[in-house]
Amino acid sequence: MSNTLKGAAAIVGVGTAGLGEAPGFNAMDIQALAVRAALEDAGLSLADVDGLFCANMSHTFPAISTIEYLGIAPRWIDGTNTGGSSFVAHAMSAAMALQAGLCDVALICYGATMRTGAGRMVPAAEQPTYEIPHQPRYPMTAYAMAAARHMAQFGTTREHLAEVALAARAWAQLNPDAFERGDLTMEDVLSSRMVLEPLTLRDCCLLTDGAGAVVMTRPDRARDLAQKPAYFLGGGVASYNRAISEMPDLTTTAAKDSGARAYAMAGLGPADMNVLQLYDAFTINVILFLEDLGFCPKGEGGAFVSGGHIAPGGGLPVNTNGGGLSFTHPGMYGIFTLIEATRQLRGEAGARQIPDAETVLCHGNGITLSHQATAILGSENTL
Amino acid sequence: MTASPDRPGPPPTGPDQQFQAHVADGRLWLQTCQDCGSAIFMPRILCPHCHSLSLQWAPASGLGTVYTRSVLHRRPKPGDDRPTEHAIILVDLDEGPRIMSRLPDTPAADIRIGMRVRARIAGEDGARVVLFDPEESKT
Ligand SMILES: [Zn+2]
Chain W
1 MSNTLKGAAA IVGVGTAGLG EAPGFNAMDI QALAVRAALE DAGLSLADVD
51 GLFCANMSHT FPAISTIEYL GIAPRWIDGT NTGGSSFVAH AMSAAMALQA
101 GLCDVALICY GATMRTGAGR MVPAAEQPTY EIPHQPRYPM TAYAMAAARH
151 MAQFGTTREH LAEVALAARA WAQLNPDAFE RGDLTMEDVL SSRMVLEPLT
201 LRDCCLLTDG AGAVVMTRPD RARDLAQKPA YFLGGGVASY NRAISEMPDL
251 TTTAAKDSGA RAYAMAGLGP ADMNVLQLYD AFTINVILFL EDLGFCPKGE
301 GGAFVSGGHI APGGGLPVNT NGGGLSFTHP GMYGIFTLIE ATRQLRGEAG
351 ARQIPDAETV LCHGNGITLS HQATAILGSE NTL
Chain A
1 MTASPDRPGP PPTGPDQQFQ AHVADGRLWL QTCQDCGSAI FMPRILCPHC
51 HSLSLQWAPA SGLGTVYTRS VLHRRPKPGD DRPTEHAIIL VDLDEGPRIM
101 SRLPDTPAAD IRIGMRVRAR IAGEDGARVV LFDPEESKT
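Here the protein sequences come in this chain order: W and A. 383 is the number that the UniProt record's numbering gives the last residue of the first sequence; the numbers go up by one with no jumps. 139 is the number that the UniProt record's numbering gives the last residue of the second sequence; the numbers go up by one with no jumps.
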């Protein structure tokens, strides 16, 4: 059977709410505002939504609580929770459900208020039994271990990691919605407080409030709606392990497989991608994903990001909104890769717009390098 | 395995209980797959390599190599007398599996990726864990 999801669905509406700080509101409140914004963007209403895709860390049954709060009764419900990658994977599941006729208007949404306290960073209910006695600090310990191994094996340096943080900040300075927009220098990153060696404070993502929502429909309906559709061209997911100690090779993530699956479905390769949105919970993530998704050979990610190559004006635009490092990071970030990709494809990204962007690769990472999801979006020309 | 004098009560049954019972008795033992020969950690009911149910416990050498490390730098706080550095390692056991642990008597700065280490069982009754020491220092 061939890959028939290419062009099966399109993102027709995106919205955000409560980015940064939303004091006094809870996760469901700001999620509802993001949902309203996304539907308004599409020219649709909550009454049109008949498919729901949702995950979070604050609710045991996120999709069900969301249905109750929004007052909707969807006929297709997918609460698959693979961590921060969930929403990129949901884009593929939504394309599948739309194609199968299980729903006509798919809503993907997320909200959290981890910064102002109505929901703090909640540890997962179940933690790896044989890691906990050694008092790791999740999720940072896992990423620090991947960074240390990458440095030892390939000669990656703290300067290489810092380049990722500098690029993110330079993009954030072009995004009025970004949480951190102040000037940042190489010296600032290298001299910031060591948190989990080899990662400093500036190698770690923000912890903000924030909500995001994405609306998808089939192409026939998408063409009649308010916005230029961002078509789903290909997707893939992959996972081998939950615990970091169970990961076969800490320098090669399952993005290698999720990416290959997405490229195969889209009939495209790394060289065809105009813009990248890579889940940057930590600076090392971007280096790992650039390698695993085929933008440079394994071990050369550090050299690849050097000299501002992924920053504004560089050779390959990565995380044009400022990413989890400087734009926003409310615990799970995946949905914001889809939102920024859509804005780039529509040509509405303002000062950070990549001219003539026709293809965007979105990549979500879940838990502690445990689950990887890739989705490729494109303009009508790419179908 | 049967109940031991240190460990009253019914004999351990599931893989987790059996691993922990060996550790409580001061031993690092691993499951070995009788079909493909793989040594297995974390403990499981089936082999993650060939999915066989034929697993048997066998003593591990305790020898391994540090695969990677991370060091938590705590901000000193009044009344908190824990060390300001907390190093955690992943060790590749010579038998194959990888395990998270610590080198509690080795300063963080001296923990090198690639260094040879040897397991020991430490801790109080009821909370014993597998820890490591540098193997070089014993030669
Ligand atoms: Zn086996």
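No wet-lab data here; the hints were simulated from the structure. Take the hints with a grain of salt, since some may be wrong.
Not everything, but these chain W residues come out facing chain A in the computed CB check (under 10 Å) [what the hints assert, rightly or not]:
1) Glu131
2) Ala144
3) Arg149
4) Leu174
5) Met186
6) Leu190
7) Met194
8) Glu197
9) Ala243
10) Thr252
Label-pair restraints from in silico Cβ distances [what the hints assert, rightly or not]:
11) A:Ala109 <-> W:Thr60: 39 to 45 Å
12) W:Ile354 <-> A:Gln34: 54 to 60 Å
13) W:Met186 <-> A:Ser61: 41 to 47 Å
14) A:His49 <-> W:Glu300: 56 to 62 Å
15) A:Pro78 <-> W:Glu40: 49 to 55 Å
16) W:Pro176 <-> A:Ala109: 39 to 45 Å
17) W:Glu300 <-> A:Glu85: 29 to 35 Å
18) A:His49 <-> W:Glu40: 47 to 53 Å
19) A:Pro48 <-> W:Asp183: 44 to 50 Å
20) A:Thr65 <-> W:Gln135: 45 to 51 Å
21) W:Gln135 <-> A:Ala58: 25 to 31 Å
22) A:Asp80 <-> W:Lys298: 36 to 42 Å
C-beta: ideal position from N, C-alpha, C; glycine also.
Taking the hints in turn, this is what the structure says about them:
{"no.": "1", "hint": "Glu131", "in the structure": "holds (5 Å)"}
{"no.": "2", "hint": "Ala144", "in the structure": "holds (4 Å)"}
{"no.": "3", "hint": "Arg149", "in the structure": "holds (4 Å)"}
{"no.": "4", "hint": "Leu174", "in the structure": "violated (33 Å)"}
{"no.": "5", "hint": "Met186", "in the structure": "violated (20 Å)"}
{"no.": "6", "hint": "Leu190", "in the structure": "violated (15 Å)"}
{"no.": "7", "hint": "Met194", "in the structure": "holds (5 Å)"}
{"no.": "8", "hint": "Glu197", "in the structure": "holds (4 Å)"}
{"no.": "9", "hint": "Ala243", "in the structure": "holds (8 Å)"}
{"no.": "10", "hint": "Thr252", "in the structure": "violated (13 Å)"}
{"no.": "11", "hint": "A:Ala109 <-> W:Thr60: 39 to 45 Å", "in the structure": "holds (43 Å)"}
{"no.": "12", "hint": "W:Ile354 <-> A:Gln34: 54 to 60 Å", "in the structure": "holds (57 Å)"}
{"no.": "13", "hint": "W:Met186 <-> A:Ser61: 41 to 47 Å", "in the structure": "holds (45 Å)"}
{"no.": "14", "hint": "A:His49 <-> W:Glu300: 56 to 62 Å", "in the structure": "violated (31 Å)"}
{"no.": "15", "hint": "A:Pro78 <-> W:Glu40: 49 to 55 Å", "in the structure": "holds (52 Å)"}
{"no.": "16", "hint": "W:Pro176 <-> A:Ala109: 39 to 45 Å", "in the structure": "holds (44 Å)"}
{"no.": "17", "hint": "W:Glu300 <-> A:Glu85: 29 to 35 Å", "in the structure": "holds (31 Å)"}
{"no.": "18", "hint": "A:His49 <-> W:Glu40: 47 to 53 Å", "in the structure": "holds (52 Å)"}
{"no.": "19", "hint": "A:Pro48 <-> W:Asp183: 44 to 50 Å", "in the structure": "holds (49 Å)"}
{"no.": "20", "hint": "A:Thr65 <-> W:Gln135: 45 to 51 Å", "in the structure": "violated (22 Å)"}
{"no.": "21", "hint": "W:Gln135 <-> A:Ala58: 25 to 31 Å", "in the structure": "holds (29 Å)"}
{"no.": "22", "hint": "A:Asp80 <-> W:Lys298: 36 to 42 Å", "in the structure": "holds (41 Å)"}
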